[in-house]
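Colleague: First to last, the sequence lines map onto chains G and S.
Just so we're aligned, residue 1 is where the first sequence starts under the numbering used here, counting upward by one.
Just so we're aligned, residue 1001 is where the second sequence starts under the numbering used here, counting upward by one.
Zero decoy hints are in this set.
Under the rule of at most 16 Å between Cα atoms (straight-line distance), these lysine to aspartate or glutamate pairs were calculated in the EDC-like manner:
| # | chain 1 | residue 1 | chain 2 | residue 2 |
| --- | --- | --- | --- | --- |
| 1 | G | K92 | S | E1344 |
| 2 | S | K1428 | S | D1393 |
| 3 | S | K1390 | S | E1349 |
| 4 | S | K1467 | S | E1338 |
| 5 | S | K1378 | S | E1388 |
| 6 | S | K1428 | S | D1452 |
| 7 | G | K61 | S | E1055 |
| 8 | S | K1390 | S | E1426 |
| 9 | S | K1257 | S | E1381 |
| 10 | S | K1428 | S | E1388 |
| 11 | G | K87 | S | D1373 |
| 12 | S | K1428 | S | D1315 |
| 13 | G | K90 | S | E1377 |
| 14 | G | K90 | S | E1371 |
| 15 | S | K1378 | S | E1344 |
| 16 | G | K92 | S | E1371 |
| 17 | G | K61 | S | E1056 |
| 18 | S | K1348 | S | E1338 |
| 19 | G | K92 | S | E1377 |
| 20 | S | K1348 | S | D1393 |
| 21 | G | K90 | S | D1375 |
| 22 | G | K87 | S | D1375 |
| 23 | S | K1257 | S | D1383 |
| 24 | S | K1318 | S | E1426 |
| 25 | G | K92 | S | D1373 |
| 26 | G | K92 | S | E1338 |
| 27 | G | K87 | S | E1377 |
| 28 | G | K87 | S | E1029 |
| 29 | G | K92 | S | D1375 |
| 30 | G | K90 | S | D1373 |
| 31 | S | K1453 | S | D1315 |
| 32 | S | K1028 | G | D83 |
| 33 | G | K87 | S | E1371 |
| 34 | G | K90 | S | E1029 |
| 35 | G | K92 | S | E1349 |
Beta-carbon label-pair distances, calculated as ranges:
| # | chain 1 | residue 1 | chain 2 | residue 2 | range |
| --- | --- | --- | --- | --- | --- |
| 36 | S | R1155 | G | A66 | 32 to 40 Å |
| 37 | G | L8 | S | P1057 | 27 to 35 Å |
| 38 | G | Y19 | S | L1159 | 32 to 40 Å |
| 39 | G | A66 | S | I1409 | 46 to 54 Å |
| 40 | G | K61 | S | R1155 | 39 to 47 Å |
Since the hints were made in silico from the structure, they are not lab data.
Ideal placement from N, C-alpha and C gives every residue a C-beta, glycine not left out.
Residue strings, one per chain:
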Amino acid sequence: MTDLMILLFVFAASFMVGYFLISRVPTLLHTPLMSMTNAISAVTILGAVLIFSAELGVYQKVLGMAAIIMATFNVVGGFVITDRMLKLFKTKPPLP
Amino acid sequence: MNTWPSLLIDLLIICLFLGGISLFYRPKEARTGNLMAACAILAAFVAVLLRNPFEEPALIVIAVVLGGGTGWMVARAVNMIQIPAMVAFQHGAGGIAAFLISFVELVRAASIPTPVVGDVSGFLGLILGAATFSGSMVAGGKLANLLNQKPVTLRGHSLWLLATVLVIVLVAVLTGLFKDPASVYLLVVLIALSIVLGIVFSIRIGGADMPILISFLNATAGLAAAFCGIIIQNRLLVACGATVAASGSILTHIMCKAINRSLGKVFVGIQHQGSQEPKDLFFEAPVSKEAQAEPVVPASPAKDGFGRALGAARDATKVIIIPGYGMALAQAQFKVVELAQALERMGKEVRFAIHPVAGRMPGHMNVLLAEADVDYEKLVEMDDINPEFKNVDLALVVGACDVVNPAAIDSEGTPLSGMPVLMAHEAKTVVVCNLDEKPGYSGVENPLYRMDKTVTLFGDARETVEKLLVAL
Chain G
1 MTDLMILLFV FAASFMVGYF LISRVPTLLH TPLMSMTNAI SAVTILGAVL IFSAELGVYQ
61 KVLGMAAIIM ATFNVVGGFV ITDRMLKLFK TKPPLP
Chain S
1001 MNTWPSLLID LLIICLFLGG ISLFYRPKEA RTGNLMAACA ILAAFVAVLL RNPFEEPALI
1061 VIAVVLGGGT GWMVARAVNM IQIPAMVAFQ HGAGGIAAFL ISFVELVRAA SIPTPVVGDV
1121 SGFLGLILGA ATFSGSMVAG GKLANLLNQK PVTLRGHSLW LLATVLVIVL VAVLTGLFKD
1181 PASVYLLVVL IALSIVLGIV FSIRIGGADM PILISFLNAT AGLAAAFCGI IIQNRLLVAC
1241 GATVAASGSI LTHIMCKAIN RSLGKVFVGI QHQGSQEPKD LFFEAPVSKE AQAEPVVPAS
1301 PAKDGFGRAL GAARDATKVI IIPGYGMALA QAQFKVVELA QALERMGKEV RFAIHPVAGR
1361 MPGHMNVLLA EADVDYEKLV EMDDINPEFK NVDLALVVGA CDVVNPAAID SEGTPLSGMP
1421 VLMAHEAKTV VVCNLDEKPG YSGVENPLYR MDKTVTLFGD ARETVEKLLV AL
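Bound conformation, chain S alone (with noise of 0.2 Å):
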């Protein structure tokens, strides 16, 4: 395996799949970049089966024709909506594969003397890749509404947690001490018991935080593939493990940073205090049919703010559309597509502010716009944006809050305070198009409603858009 062509062969292989990454800084390249990591990983494959003999060849084309057979449905079939449980649920296919190879490994290392950094490596891998399945299964769980978005808050959570991780550390010290062959059984043991510390963990993340979950989650299915290379002495796996792993664990940092809260709150479950009900950042929308028979109560007479929204978006020459993830919630993001299209051809200039965490994913937003057939240079990121707003004549708001919420520059003292928002309470005309004037997921009142700018259209947000666009 150390022979100077095979290391050769594995640095271009590395070479093409950090090539393929470093295409992602552009949107058209991108599509390359895919299909050349996807190309690292093929020849990482086809090297692998040609240096090692095997045996029963037949199992292994069996496996790999019924896995990659699922894995293309599926990846078909999905919407963009779905993706972000899509991904979830391939981070746990990816724990499995992972601990059930350091399980396999462990196993057979059992027998024989082994050096302790590749036993360690070993029971990380085992323990990283259980807590990673069952964390994403709980995550998908969430994420495709299979499961309550609601945190799951045990009596005593953290110390459920904590026990569990102490518990979970004297096992893997005593399988490693006593090794032997019956050692299967404390291995079978720490597999449980790591599925219970995803469970537990994952449990109590509420769906407004889910893009901080799944980043997370894609770290440590990295750090498992990673141990997993470190034990049976692979340096590509290695390689690829660790890449992924700093990439979830940058998408983390990014995603808390736009939350404003630090990882440990988010995990330990700190709620924001206000929030007597968890509810979610984005929720603006209906998902349930009875939440849309419940009586909208409009806040000002409806009717006059549809003829001033209408008003500002006619003699509007700059316009800001800020979506949301309630947007999304109901499917209304075709339609404020047609708007924005509708308003271009009127001559005006029309362009989208995305916050980092609008959506279920980083970046999911501008997926579901790229499918509404939004071209990606209207997508603007928030920082690029947000001095933007003063020139502008009309900020469209459709399903979102929190991130929009002006408490979060000038109060002190919420859960809010210090957040990045998107400044659209600068803008000269201000329309809202949410479901109600409820708060979002911090529980804080946002005072952009209250505004003498601000027209509030409550009610279905795609209906809300159609009438405008209609009227238009």
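Just chain G, same shape as in the assembly (with noise of 0.2 Å):
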């Protein structure tokens, strides 16, 4: 129960950080702020692989699978793409 009431701290606590950081980012960045935190919450691809780590029948061998599939494309497309659209965003010399 005690752990329980860490894990509710630690959502408060990462949630009014997470509120304090992300308002100041500017509305320049937001589609890459998005595909970015978007990436993150794939984090769930942690949870994915605990599937497997307990005793596991069939069925949660297939749902672990889809899981992880599911979270790796997530995580690994959201943070591809934000690199793709960050590589666009310069600055350039004045034109001649």
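Reassemble the complex: the two chains are provided individually, in unrelated frames, and hints are given to aid placement.
Modeller: Okay, structure coming up:
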């Protein structure tokens, strides 16, 4: 139970810190920001591999694999596309 | 799991990823920030692998390679206009992962006594995950033009929505009360109901409100991940999920403010009064061949208008370009940027005014213009550029209508009243390159078109801009 209390605290603290940090991101970068946080929300990959740390039935194996595939798709795709977008943002010397 | 070294490592990982987010304040450093966040997730993944014994490691490797490979290939292939759809589908993938994990954990928990908070989190992770999945699929389908962008409203839509939510709560409570291995079936019912909920919820939201829906789904995906973290007792999942939820909430709030509607109104599907035919907010340029084939009847003598526009462009020293989503639909952004560069070579100052909802997701227009090679310092937010319009010689509107509608300021009682708009009407001359003079999504006539200083060039935005470019 105390563990759960700690987790609820972590939840509240992260929400507040996140709120503070993200409200200062300029609108210029909101699309890459959402794309990156989207990739971060795929930390569920940790939960997906943890399915494999206990005894496994067939259906758990199947669902666990599906969860890992979806989460890695999300995490890799999210970070790669964010990087592609951010590469586009550049300043140039004034035209001659 | 709760030894000091592991706590320390978790803290370091969280700091790494919060540091990554804080680098998003400046475009130059944002790439490093993204890399840092990616490293944080990788480190968290490795830490979990090292801390726990695993059965069937081969299956894990296969799944990681499959998912990661597909994600990498898709992310390399999409173009910048498809980004919103891609992000929506990824929210969906995250949702699937969240509800599958919650499902497996809830089934395991069914045979052992677990604290109530854990069970409740499991249910929330399951419901939110499944609803995020189906909602994102609908949103992605609409964004990718696979589904009709118009809002689909059932009879008694709000009642259906409410009924679905009530049944979900009921089933969840029942499943929680009667802990039994047989509750697996109830959980499957719960997943199915949540999927229905996601569909009923998002099908009613029209194309123009997509920036709000996609931000909201970002928040629910984060919440689902955080609840998953609570049931499996993993603080990294909780911390990351909560941060993402915060980010999604902020973006949802910003989008609602920019569109002048409350979140409730958007989701309950209250349409603007006066819009018989819900039309896309920036739907000024053609998407289909039929639309292009339609003869365009110019309101003012076109030749004269073109000459005036050309003259205004030649004489201007300060120019602000206002792009709307119509520009992206007409694929005109590259031509518009060429025009901007031509004007700059003639010694004029050119900047772009970006309305917060110009595009299909928050900040989308910035990405489109950055792709077309615009220096990001020339992309100016609404609040920063609005005071400058009165010193500007030429405001060039490309594929935007509602966001430059002065009726939002001077008239009361219209759906637009009070919505923040770009003050294009304060410029000395306004040139509008839109498909037609129909009102935008709000259905409110745009008095800007009728002003003496306004030159309207109706027709395909790309062709119009190209003609201007050649003539210059």
